[in-house]
Amino acid sequence: MKNENLYNYILGIADNNLILGQRLGELCGHGPTLETDIACTNISLDLLGQVRSFYQYAAKIAGDGRKEDDIAMLRKERDYLNVLLVEQPNTDFGYTIARQFLFDVYHFLMLTELEKSQDLTLSAIATKSLKEVSYHKRFSSDWIKRLGDGTSESHDRIQMAINDLWTYTDELFHQTEADKVMVAEGIGVDVTKLKDDYYNQVGNILEEATLEIPERKYFQKGGKQGIHTEHLGYLLAELQYMQRAYPNMEW
Amino acid sequence: MKNENLYNYILGIADNNLILGQRLGELCGHGPTLETDIACTNISLDLLGQVRSFYQYAAKIAGDGRKEDDIAMLRKERDYLNVLLVEQPNTDFGYTIARQFLFDVYHFLMLTELEKSQDLTLSAIATKSLKEVSYHKRFSSDWIKRLGDGTSESHDRIQMAINDLWTYTDELFHQTEADKVMVAEGIGVDVTKLKDDYYNQVGNILEEATLEIPERKYFQKGGKQGIHTEHLGYLLAELQYMQRAYPNMEW
Amino acid sequence: MSEEQIKNLEEQFEARILRDDKIEPKDWMPEKYRQTHIRQISQHAHSEIVGMLPEGNWITRAPSLRRKVALLAKVQDEGGHGLYLYSAAETLGISRDEMFDQLHTGKAKYSSIFNYPALTWADMGAIGWLVDGAAIINQVALCGTSYGPYARAMVRICKEESFHQRQGYEIMLKLANGAPEQKDMAQDALNRFWWPSLMMFGPKDDESPHTAQSMKWKLKRKTNDDLRQQFIDQTVPQADILGLTIPDPDLKWNEAKQGYDFGEIDWDEFWQVVKGHGPCNKERMKARVNAWENGAWVRDAAMAYADKKSELKNKQAV
Amino acid sequence: MSEEQIKNLEEQFEARILRDDKIEPKDWMPEKYRQTHIRQISQHAHSEIVGMLPEGNWITRAPSLRRKVALLAKVQDEGGHGLYLYSAAETLGISRDEMFDQLHTGKAKYSSIFNYPALTWADMGAIGWLVDGAAIINQVALCGTSYGPYARAMVRICKEESFHQRQGYEIMLKLANGAPEQKDMAQDALNRFWWPSLMMFGPKDDESPHTAQSMKWKLKRKTNDDLRQQFIDQTVPQADILGLTIPDPDLKWNEAKQGYDFGEIDWDEFWQVVKGHGPCNKERMKARVNAWENGAWVRDAAMAYADKKSELKNKQAV
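Chains as they are written, first to last, in the UniProt record's numbering: chain A, 1 to 251; chain B, 1 to 251; chain C, 1 to 318; chain D, 1 to 318.
Everything labelled a hint here was simulated from the structure, so no lab data went into it. For glycine and all other residues, C-beta sits at the position ideal for the given N, C-alpha and C. Keep in mind that the hints are not guaranteed to be accurate.
Said to hold, decoys possible - With a straight-line cut-off of 30 Å between C-alpha atoms, the simulated DSSO-like cross-links for lysine-lysine are:
hint, chain 1, residue 1, chain 2, residue 2
1, D, Lys286, A, Lys221
2, A, Lys76, B, Lys67
3, B, Lys76, A, Lys67
4, C, Lys174, A, Lys76
5, A, Lys76, D, Lys286
6, D, Lys107, A, Lys221
7, C, Lys174, A, Lys131
8, B, Lys217, C, Lys309
9, D, Lys174, B, Lys60
Claimed, not checked - Restraint ranges, calculated between C-beta atoms of paired labels, are given here:
hint, chain 1, residue 1, chain 2, residue 2, range
10, B, Arg66, A, Glu177, 38 to 46 Å
11, B, Lys60, C, Asp261, 44 to 52 Å
12, B, Arg216, C, Gln5, 50 to 58 Å
13, A, Glu113, D, Asn254, 31 to 39 Å
14, A, Asn90, C, Lys275, 27 to 35 Å
Unchecked claim - Which residues of chain A face chain D? A partial, calculated answer using Cβ under 7 Å:
hint, residue
15, Tyr218
16, Gln220
17, Thr229
18, Glu230
Sequences and hints are given; from them, build the entire structure.
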């Protein structure tokens with residue numbers, strides 16, 4: 001591949017959307033209220049809409065005849081580059097919201113920088129996505145506050161979810177090799193620079209939600225190198241089922 | 001296929017083993033006690049051991065180059081002929097035991113007849129399987145009694161599981177077209193003749209377990225025609241994942 | 001009010017309906033009108049919500065991103081329709097919680113079609129094409145129904161539904177023109193959804209006692225049998241274009257009536273499913289009840305939070 | 001007992017161990033011996049039970065029926081090993097429930113290797129080959145340990161483990177000689193499991209304070225570093241046969257010591273995982289605790305039923 005770094009860089013962004021969108025898709029029809037059900041479905045829809053643009057661009061870069069669906073659904077588990085955070089299961093609505101919130105704050109910061117990319121396609125996708133992601137962030141932040149400052153049960157549940165998922169936040173700011181090259185070329189976002197802002201914003205919302213900011217010495221990582229948690233395999237078995245069972249067909 | 005009825009007849013038996021074995025396999029490492037964990041794993045092992053003999057024979061009958069794993073893992077959902085009972089999920093240990101019990105009593109009766117088959121391969125598999133299935137039946141019957149006549153919580157839970165799964169028992173005694181032909185040829189078991197014995201035996205154990213025998217006017221069917229519940233698709237996505245993702249390889 | 005007065009009001013009311021006035025929430029209405037509308041609108045809302053489940057079942061397994069996104073959008077629309085319809089019913093003095101309770105306890109019904117399982121991807125096509133197709137035929141008539149909020153919800157819903165139907169038909173078209181396995185899948189879905197779709201129009205006219213009253217209130221503008229005939233006549237040529245076979249050996253064109261004759265519907269199956277013994281009735285209710293029960297702490301939290309905020313506001317206002 | 005007497009007993013005890021007598025449950029033993037054995041045997045039992053999880057994770061997705069059956073049998077064996085070991089520990093006066101409680105509350109440890117995820121089918125090969133391989137090296141020595149029930153359990157376990165190891169190696173062999181994707185998968189599994197397997201022998205000798213005491217009681221017959229060296233020397237040629245590369249650039253044959261030199265182990269990672277912060281520590285504990293909590297009603301029922309039956313028996317006996 002001529003521009004493998006750009007290709008990998010795009011996947012590093014897009015796979016987060018894909019896997020989180022898929023997770024949210026599992027919940028459709030099972031939400032605690034009709035309004036949240038619709039909202040979560042809508043976020044899934046946004047994320048997967050964005051992902052199509054990214055994969056279409058990646059397919060163009062790859063230039064080997066693969067199309068968006070091949071990239072989305074025909075890679076092996078070790079080739080997915082999403083962070084561990086987004087593949088974590090829908091344990092309950094608290095985990096769903098905590099996962100969303102911890103991702104949205106990052107996602108918004110990242111896209112804001114990506115908008116300035118020298119790569120006009122990426123910049124354009126970022127612009128289009130930002131509007132949506134700003135809504136996601138508002139939605140998940142509002143729910144963090146509602147659950148944190150709601151009942152004592154909801155407080156405990158969302159605190160537990162935040163504590164559990166916190167261990168996956170640090171990975172958001174790890175630079176991959178592709179990242180470094182793309183940053184140097186003025187195309188990619190230097191995620192290391194987003195870290196302080198991220199923890200500030202997250203911390204402020206948690207505080208407003210009367211929640212504690214977890215203190216953590218150890219973090220989990222690996223997703224960006226394709227070393228995932230055991231959850232991802234099952235998610236992929238579903239995601240890929242049709243493409244695997246009915247190869248080379250149009251849908 | 002030269003002997004399509006025999007082929008379908010074998011699948012009609014074997015698919016029950018495969019799907020139930022797969023369901024039990026999901027539980028491995030998650031049982032309520034170490035002993036039941038080992039026992040359920042063992043039943044899964046027995047069922048899948050038996051299924052290999054059946055599919056190997058089916059592959060020979062098919063004579064189209066497919067091997068046991070192709071038959072086990074490369075059919076489409078609508079081509080699996082197992083009864084709906086065995087694909088029901090592991091809701092809790094009560095459902096697992098109720099499903100097992102309602103199947104084991106049938107399985108034992110069926111194999112006892114299959115042992116008399118004019119088809120020596122089937123008869124031999126039946127003989128070998130019967131010893132194992134007699135143990136399964138004892139295990140599940142014992143647990144029906146323990147749960148039924150244990151605590152009031154366990155009584156209610158196992159009663160609910162029996163009630164829910166009862167709706168799938170009638171299908172065990174439906175004759176397919178392949179069944180009819182095979183019965184006529186002295187190869188297959190006439191399942192309609194097992195029905196009275198089945199409900200008597202099941203009834204006796206339930207009674208001993210202080211459980212009520214559900215009264216039901218309506219039953220669910222369809223599995224034998226490949227019309228399954230929505231649960232099966234997910235089970236197959238896992239079961240087939242490797243064969244689909246890595247076609248034509250040896251393992 | 002005296003009997004005389006009530007009779008007077010009722011006469012005025014019927015006259016308004018007759019001249020196609022819309023009845024609005026604050027208008028006087030006979031109690032039976034209110035109850036019938038609560039029943040029908042909430043049943044319709046429930047159908048949207050339960051109807052999310054069979055399609056929701058295929059979101060994670062949709063065969064392409066384009067289809068996954070479209071399916072998500074469709075199921076989301078159904079949730080939205082549920083919202084409008086619950087709101088319309090609420091104008092008649094029932095709360096959403098009460099309606100959910102009726103659903104969860106089996107007191108309220110929903111469309112039986114959703115008690116059939118969605119087993120393959122082609123079912124996403126068949127549901128869009130046939131189920132939404134049948135729904136639209138029922139609903140288009142309702143755009144002119146007498147109760148304002150319901151009629152207005154219907155206008156909006158119909159527009160989206162016909163988009164869904166086209167989307168479903170397009171899925172079928174792609175399959176029917178695809179690989180043999182895809183065509184088989186499409187035919188199989190048609191086989192399984194054809195008869196249940198015909199059942200969506202309800203029992204035969206001579207076994208449908210409420211028709212007369214519903215016609216008067218414009219909750220129905222044609223009888224069950226008429227609508228069913230319309231559906232069949234519209235759908236058969238569509239199946240022909242797909243190159244698929246309607247699973248009814250008795251189906252044939254009747255030149256005299258300028259419509260299709262068709263075979264006998266399995267009414268035993270119809271009643272079995274209506275009475276709660278269809279393939280998925282239990283599963284659907286379990287899914288809805290679980291969602292509701294598992295969500296209780298979330299709803300409680302939202303309520304508590306809202307209370308705290310409004311208390312705070314009040315304090316600040318003082 | 002006087003100090004004199006105790007000292008006497010202790011001397012006799014040490015002498016018995018020295019002449020390779022087995023200590024049996026009813027024999028007198030120093031409290032520290034008892035406690036150390038409870039700790040080690042239960043930790044060993046927990047490792048078997050927790051060790052079921054990463055492999056259990058692949059049962060439903062095994063690529064062939066033959067492999068699925070073999071994997072089930074293997075995991076079942078591990079459950080069986082857990083049973084013998086819990087029984088052996090029970091002879092020292094601790095109940096299985098207490099041991100589970102120690103596991104679930106984090107008081108008891110289990111082998112850190114099981115805190116790494118099993119991500120691909122090749123991991124089933126790598127776990128069998130490397131993890132069981134390392135375990136056997138640790139365990140063979142224990143067949144001659146001083147505590148009778150533990151030594152006998154070990155004899156049985158070692159036999160099965162070496163079967164498992166061969167099975168694992170055979171999985172690797174098949175992959176290594178298979179399609180390029182399979183070979184990649186095998187190499188990747190080796191890459192991920194190599195270093196954690198070396199960590200299974202514990203910290204370096206100079207950071208392993210209990211070694212001396214354990215050697216005396218024959219709970220250890222060689223030091224951690226010796227065993228690690230043995231494992232490496234045995235495994236490198238096996239990797240060569242597979243045509244796979246050990247992920248250690250510093251690995252090379254040292255003619256003088258007739259063994260391999262190898263690179264520095266990441267001890268930070270080792271301690272991170274030991275302290276509960278490995279990739280799957282939380283997941284593994286959640287799985288075990290869930291199984292235990294969700295199974296409470298089942299265990300209660302079995303107990304209640306057994307009580308009823310024995311009551312009935314007693315009544316009949318009267």
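Against the structure, the hints come out as follows:
no.	hint	result
1	Lys286/D x Lys221/A	holds, 20 Å
2	Lys76/A x Lys67/B	holds, 25 Å
3	Lys76/B x Lys67/A	holds, 25 Å
4	Lys174/C x Lys76/A	holds, 27 Å
5	Lys76/A x Lys286/D	holds, 27 Å
6	Lys107/D x Lys221/A	holds, 26 Å
7	Lys174/C x Lys131/A	violated, 33 Å
8	Lys217/B x Lys309/C	violated, 54 Å
9	Lys174/D x Lys60/B	holds, 25 Å
10	Arg66/B x Glu177/A: 38 to 46 Å	holds, 44 Å
11	Lys60/B x Asp261/C: 44 to 52 Å	holds, 49 Å
12	Arg216/B x Gln5/C: 50 to 58 Å	holds, 53 Å
13	Glu113/A x Asn254/D: 31 to 39 Å	violated, 51 Å
14	Asn90/A x Lys275/C: 27 to 35 Å	holds, 34 Å
15	Tyr218	holds, 4 Å
16	Gln220	holds, 6 Å
17	Thr229	holds, 6 Å
18	Glu230	holds, 5 Å
Hint check: violations occur at hints 7, 8 and 13; the rest are consistent with the structure.
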